[in-house]
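My request is simple: use the sequences and hints to build the entire structure.
In order, the protein sequences belong to chains A and B. Residue numbers for the first sequence follow the working numbering, beginning at 1 and rising by one. Residue numbers for the second sequence follow the working numbering, beginning at 1001 and rising by one.
Do not rely on the hints blindly, as some may be mistaken.
Claimed, not checked - DSBU-like cross-link-like pairs, simulated, lysine-lysine; straight-line CA separation at most 30 Å:
(1) B:1061 / B:1265
(2) A:40 / B:1088
(3) B:1334 / A:95
(4) A:40 / B:1390
(5) B:1265 / A:40
(6) B:1413 / A:2
(7) A:95 / B:1094
(8) B:1458 / B:1390
(9) B:1474 / B:1005
(10) A:40 / B:1413
(11) A:92 / B:1334
(12) B:1088 / B:1005
Unchecked claim - Among chain B residues calculated to face chain A with C-beta under 8 Å, some are:
(13) 1196
(14) 1343
(15) 1346
(16) 1413
Claimed, not checked - Rough simulated footprint, nothing fancy, chain A against chain B, three-plus residues with beta-carbon under 8 Å:
(17) 1098-1104
(18) 1237-1248
(19) 1308-1322
(20) 1328-1336
(21) 1348-1357
(22) 1381-1395
Treat the hints as calculated values from the structure; they're not laboratory data. Virtual Cβ for every residue (Gly too), placed ideally from N, Cα, C.
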Amino acid sequence: MKLTEENVRYVAGLANLTLSEQEIHQYAEDLSGILTHMEKLNELDTTNVEPMTQVLFAGEENSSLREDIEHTPLPNEVALANAPVSGAGYFKVPKVIER
Amino acid sequence: MNIAKLTIPEVQDGLRQKQFSAVELTTEALRFAQAENPKTNAYLTFSDERALAAAARVDAKLAAGEPIGALGGVPIAVKDVIVTQGVKTTCASKILSNYIPPYDATAVERLEAAGGIILGKANCDEFAMGSSNENSAFGPVRNPVALDRVPGGSSGGSAAVVAQGTAVVSLGSDTGGSIRQPASFCGCVGVTPTYGRVSRYGLVAFASSLDHIGPFSRTVADSATLLGASAGRDERDATSAAHPVPDYAALLGDSVQGLRIGLPKEYFAGLAPETGDRILAGVEVLKRLGCQVSEVSLPHTEYAIATYYIICTAEVSANLSRFDGARYGVRSAKSDTLADMYKNSRGEGFGTEVKRRIMLGSYVLSHGYYDAFYLKAQKVRNLLTQDFTKAFEQVDALITPVSPFPAFKIGEKVNDPIQMYLSDIYTITGDLAGIPCMSVPCGTTAEGLPVGMQILTKHFAEDVMFRLAHQFEKAGGFTA
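Structure, rendered in structure tokens:
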């Protein structure tokens, strides 16, 4: 499977990634090679095979749920301590809505 | 006392016999680790203050005659993808280079509750993506056995500190071989337990259906102790298993006489000759211990790499969408609009391999390709898992190589992602099936490079796996 640089730009948009021209060129080549290897799976007939989304074990009903009791969340100032920009108890980001 | 060779029982005997206090041992362990670290770059951060406070608590318990816990006073390193409250956790990535977690991972909490002393955070491939530890934003780790070679990855630092003697044991994470492959390259023990055996709360998510936390050590018994202390149900991780945790360390002495061992024929083609020779010599040791050895087949093995890199990259693209420069981590200086903030923070903050996997995952999940790649891979994952289920109807454990070849030179494979991915060929199947598997030292090549033997058992049969590995270690004398 051959990916064009145009394909790579489109996927980078989906993934919210700024890539340099050199990266776009490199990833077009890398992804084409890797996807070609992945096409190997087409050798297998999987018509009647169920997809496996997760490793599962037998257990009691609802055994993965915890008791529905309140827990104290992180205090506001602790949650904000790693924010690149914060203010008035909130995360701050560039303006989204133009007046 | 040779601090570089200590085991957990030796630490505990030393404390009880008052050869040293926990604070003395911790002080010396920190000094030694900090002096030795420039050789390998295995630690990214040292947590002196936290370690000494934990040591003081162990000494207080000793003085009061209280039990100090299964890990009381034991110096431990933790892979830098596992969060530690107040201690920088970077995932070896530029985008998290300033991140100080406000909470502890459950595994970390449990190790400290058992008396463990966390010396610091171990280097790794960025977000645990890589097979050589060359993808760290803070420089590669060097293999302590041969400094011009890679320690393996992604938990390269966790393996290196144990091999180098700058921690007694360590925690790593494994998604496609990231514990076993570095353990085999560095000549130590590395264990990937059953999926869900150890809580992943506080493990920065890479591929959630595949991620595991597990131990590294110089002896099998120490890994058994570390797993016992970290395993068990955690209500903060809905995927953690409710199955009771046996006392693994207490079960090591049981005989392996009559255990049925399978050698999957697909795992013995395409090996470096010396690797194959070492594993077959290891199998002879197991035969002498009374194991019954037969050949088995895992027929879908050749599809494992393609399956794994579709599923893992799909999950990567979803999990890593949280790194956006808004709430934590590094925000790009070029953030004039919200869209620019997202795109530039991610473009600048992630390294080459992480971006490659986000791109691949976004592609295989994108409209028109989902069925052809992702759904197909999930079906083949089922076939690969059924291969194991059928094999375990015939045998109690499987023996294979961990890696087709021993540690390679730094730089040797870094520009060829497919070659790098292929080095995971024997380890990713265990992760896809979620079964327990481990690497145990199995001698060295003529050049002195360690070879690791992989033991795989069925879900929650860690006790069988540990027993085999322990009896093998005793009989073979292959301890690091």
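How the hints compare with the structure:
1. B:1061 / B:1265: violated, 52 Å
2. A:40 / B:1088: Outside the cut-off at roughly 42 Å; violated.
3. B:1334 / A:95: holds, 14 Å
4. A:40 / B:1390: holds, 23 Å
5. B:1265 / A:40: Cα-Cα ~20 Å, so holds.
6. B:1413 / A:2: holds, 23 Å
7. A:95 / B:1094: holds, 25 Å
8. B:1458 / B:1390: holds, 11 Å
9. B:1474 / B:1005: holds, 17 Å
10. A:40 / B:1413: holds, 23 Å
11. A:92 / B:1334: Answer holds: residue 92 (chain A) to residue 1334 (chain B) is near 15 Å, not above 30 Å.
12. B:1088 / B:1005: Answer holds: residue 1088 (chain B) to residue 1005 (chain B) is near 28 Å, not above 30 Å.
13. 1196: Holds, because the Cβ-Cβ distance from residue 1196 (chain B) to chain A comes to roughly 7 Å (cut-off 8 Å).
14. 1343: Nearest chain A Cβ about 4 Å off; hint holds.
15. 1346: holds, 5 Å
16. 1413: violated, 14 Å
17. 1098-1104: That given contact holds, which follows from 5 residues of the region 1098-1104 of chain B lying within Cβ reach (below 8 Å) of chain A.
18. 1237-1248: With 5 residues closer than 8 Å to chain A, the region 1237-1248 of chain B meets the three-residue bar; holds.
19. 1308-1322: holds (count 4)
20. 1328-1336: holds (count 6)
21. 1348-1357: Per the Cβ count (5), the hint holds.
22. 1381-1395: As far as the region 1381-1395 of chain B goes, the hint holds, because 4 residues have Cβ atoms under 8 Å from chain A.
Going down the numbered hints, you'll see the structure goes against 1, 2 and 16, while the others check out.
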